[in-house]
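Taken in sequence, the protein lines are chains A and B. In terms of the working numbering, the first sequence is residues 197 to 396. In terms of the working numbering, the second sequence is residues 43 to 238.
Errors might be hidden in some of the hints.
[As the list claims (entries may be wrong)] Footprint (simulated), chain B over chain A, 3 or more residues, beta carbon under 8 Å:
| # | stretch |
| --- | --- |
| 1 | 219-232 |
| 2 | 316-324 |
| 3 | 374-383 |
[What the hints assert, rightly or not] Between beta-carbon pairs, the in silico distance windows are:
| # | chain 1 | residue 1 | chain 2 | residue 2 | range |
| --- | --- | --- | --- | --- | --- |
| 4 | B | Lys215 | A | Pro355 | 16 to 22 Å |
| 5 | B | Lys232 | A | Glu224 | 52 to 58 Å |
| 6 | B | His205 | A | Glu262 | 53 to 59 Å |
Just so you know, these hints were derived from the structure itself, not from any lab. Since this is a predicted model, take the numbers as computed values, not measurements. All C-beta atoms in this analysis are idealised placements derived from N, C-alpha and C, irrespective of residue type, glycine included.
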Amino acid sequence: MVALLRKYLSQFLVLSDEELEALMNEIEVRSYDKKVRLTDIGDVEENLHFIVKGLARKYFYKGKEEVITQIAKEGELICSSVSFFSGNPSGYIVETIEPTTVYTLQKERLEHLYRQFPKLEKLSRLIITELFLQKEYWELERIRYNTKERFLRFMSENPDLFQRVPQKYLASYLNIKPETFSRLKHLLRNKRGSEKSSTR
Amino acid sequence: METRAYLDHTYAYLKRFMELSRSDFDMLVPFLELRTFDKKTIMVQQGEVDNYLNIVLKGLVRKYVRTQKGEVTIQLATEGHVVQSEISFHKRIPSDVILETLENTVVASIHYENMQQALQTLPFAEALGRSIVVHMFIKRDLSYMDQLKMTTRERFLRYLTNHPHMLQRVPQKILASYLNIKPETFSRLKHLAMKK
Numbered sequence: 197m198v199a200l201l202r203k204y205l206s207q208f209l210v211l212s213d214e215e216l217e218a219l220m221n222e223i224e225v226r227s228y229d230k231k232v233r234l235t236d237i238g239d240v241e242e243n244l245h246f247i248v249k250g251l252a253r254k255y256f257y258k259g260k261e262e263v264i265t266q267i268a269k270e271g272e273l274i275c276s277s278v279s280f281f282s283g284n285p286s287g288y289i290v291e292t293i294e295p296t297t298v299y300t301l302q303k304e305r306l307e308h309l310y311r312q313f314p315k316l317e318k319l320s321r322l323i324i325t326e327l328f329l330q331k332e333y334w335e336l337e338r339i340r341y342n343t344k345e346r347f348l349r350f351m352s353e354n355p356d357l358f359q360r361v362p363q364k365y366l367a368s369y370l371n372i373k374p375e376t377f378s379r380l381k382h383l384l385r386n387k388r389g390s391e392k393s394s395t396r
Numbered sequence: 043m044e045t046r047a048y049l050d051h052t053y054a055y056l057k058r059f060m061e062l063s064r065s066d067f068d069m070l071v072p073f074l075e076l077r078t079f080d081k082k083t084i085m086v087q088q089g090e091v092d093n094y095l096n097i098v099l100k101g102l103v104r105k106y107v108r109t110q111k112g113e114v115t116i117q118l119a120t121e122g123h124v125v126q127s128e129i130s131f132h133k134r135i136p137s138d139v140i141l142e143t144l145e146n147t148v149v150a151s152i153h154y155e156n157m158q159q160a161l162q163t164l165p166f167a168e169a170l171g172r173s174i175v176v177h178m179f180i181k182r183d184l185s186y187m188d189q190l191k192m193t194t195r196e197r198f199l200r201y202l203t204n205h206p207h208m209l210q211r212v213p214q215k216i217l218a219s220y221l222n223i224k225p226e227t228f229s230r231l232k233h234l235a236m237k238k
């Protein structure tokens, strides 16, 4: 399990054994059932979760409708990030989709680590930058591509999520109406079929 | 305005991100550049790698992307705002977005290489860098949430209430694109708002 975290962190910088150990000492391993809320609207987010196993989503309510803005799987971070960074009450709910195991780091422990290990402060800046760029990338996708293109791009990049995540969640995340999503799904099946036949 | 005054502005803007003493700021100054652009100048072209992180000191910078349906405005940065082609700057890849001035503009900029150098040599730079990114992250998250949560009318009214001067500074077509409102709808909403 630590290997997964080490791999994630190594895309930013390489930590010494000592630094990784210090980080692991501050981390708690938590396991949740499916559909458990880790953060609710109005909570102040104190925790940052790294998913070791499972799936979680982040969403807010527009009237009665859930609007999903993140679906995170193994090897990804999730928390109510704006609340975590700003200290303001969360506008989002963070909830597991599957039974999920996470490495959890509390905010105050993270700040404690900065003081001891300057490299962790750098790591933290690089991770936040990456999260920001992902957000930027996601918004550009939404602007540059139409519904059908976004659907196909997402599905080809995340075929595993199509199997694991309820369709209405994916539709919400992609900002596509459920009916449209169902219709587009056929496109995917046809595409797969034609790929299969072409390899023969 | 003189260089000194522009630097004072830069210092004031940076202090919003973290507590920064004037002497710390003075250590940062050699890494910064003041850059001046005429209005309607392309600062970053599509396909070009963006080398700068900028804070607007005077003027207005528009960030937009070309799509099949035309230009879509993503950001309208005025005094105090941070603007750049973020993905291009950090990943060192060609930019998908275009930065263009709408007015005569002065920005305080840090070049990518200078930023790396500052991060290595100035003890407070990591914290400042982190704090700027966190700030940008929060702003982007909140505006995306608004985009999904609010109706066209709500977005229009809120934007013009919070940024009343923008109607004078920005062509209506561009404002409409920024707010993701059809130009016709924008005109209609404007007339309704004026009547009140």
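Each hint tested on the structure:
1. Interface restraint, the stretch 219-232 of chain A with chain B: violated (0 residues with C-beta to C-beta distance below 8 Å; minimum three).
2. Counting residues of the stretch 316-324 of chain A whose CB falls under 8 Å from any CB of chain B gives 5; the rule of at least 3 is met.
3. By the rule of at least three residues with a Cβ nearer than 8 Å to a Cβ of chain B, the coverage given for the stretch 374-383 of chain A is violated, with 0 such residues.
4. Evaluation of the 16 to 22 Å hint for Lys215(B) and Pro355(A) yields a failure: the beta carbon distance comes to about 40 Å.
5. Checked against the hint of 52 to 58 Å, the C-beta distance between Lys232(B) and Glu224(A) comes to roughly 53 Å, which is consistent with it.
6. In this structure the hint that His205(B) and Glu262(A) lie 53 to 59 Å apart at CB is violated, the actual value being about 30 Å.
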